[in-house]
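A.B. asks: Each protein sequence line maps, in turn, to chains A and B.
Read left to right, the first sequence gives residues 1 to 111 (my numbering).
Read left to right, the second sequence gives residues 1 to 114 (my numbering).
A couple of the hints might just be wrong.
DSS-like cross-link-like pairs, simulated, lysine-lysine; straight-line CA separation at most 27 Å [as the list claims (entries may be wrong)]: (1) A/Lys26 <-> B/Lys57; (2) A/Lys26 <-> B/Lys55; (3) B/Lys55 <-> B/Lys71; (4) B/Lys55 <-> B/Lys13; (5) B/Lys18 <-> B/Lys71; (6) B/Lys18 <-> B/Lys53; (7) B/Lys3 <-> A/Lys56; (8) B/Lys18 <-> B/Lys57; (9) B/Lys70 <-> B/Lys55.
Simulated coverage check for chain B against chain A, where a stretch passes if three residues somewhere in it have a Cβ under 8 Å from a Cβ of chain A [what the hints assert, rightly or not]: (10) 20 to 31; (11) 39 to 47; (12) 69 to 77; (13) 102 to 114.
None of these hints come from the bench; they were simulated from the model.
Virtual Cβ for every residue (Gly too), placed ideally from N, Cα, C.
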Amino acid sequence: SQQGEEDPQALSIQEGENATMNCSYKTSINNLQWYRQNSGRGLVHLILIRSNEREKHSGRLRVTLDTSKKSSSLLITASRAADTASYFCATGLTGRRALTFGSGTRLQVQP
Amino acid sequence: DVKVTQSSRYLVKRTGEKVFLECVQDMDHENMFWYRQDPGLGLRLIYFSYDVKMKEKGDIPEGYSVSREKKERFSLILESASTNQTSMYLCASSFPPGGRAEAFFGQGTRLTVV
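With the hints as constraints, model all of the structure from the sequences given.
C.D. replies: Right, dumping it as structure tokens:
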């Protein structure tokens, strides 16, 4: 079974609006990461938040982590058409050498 | 910048063929990974390698094998391609083990088995 599950599966917003994506996971983590994938391409790392952190910012991105609820959220502020992509959360698990990915959220930003 | 390069963007192979997917990274990373990506299923780990000639099975290794003869190169082998192996294949590398840092991905290989 998958460790991370993103919600919603798809999101459509207007340019300038904020986009929020959520990720839930099942077991203890070392860190949680968010990646972006443009259509038909490889994944690009966006941000990493460690298990002892609660919030992290990078440019227009804000990530929160609630380990008690085993959940994370990615907020993209003032979205642009170029933000259109799929977004994946990935968890680094204790005792596992590789990241575990969720199924992703497809974000469409309408110009 | 770290660069992970996959040998092909698109491949079309026939059922029963032996297929090699090649991946090269240029940052001396110890850890390399092969994932496959299917709609609605996200990325699933096939195999990974944490050193030359060292490998471990991931979550879906059946029908695949891997080879890591040099640190920079990690190959995925489909011993006898089948139509259910039609998918997007993604190679990645990272330096620290255990998913403790970001992974760098190649551009992906879209494989179609007919």
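A.B. asks: Are any of the numbered hints broken by this structure? If so, which, sorted upward?
C.D. replies: When the structure is compared with the hints, numbers 10, 12 turn out to be violated.
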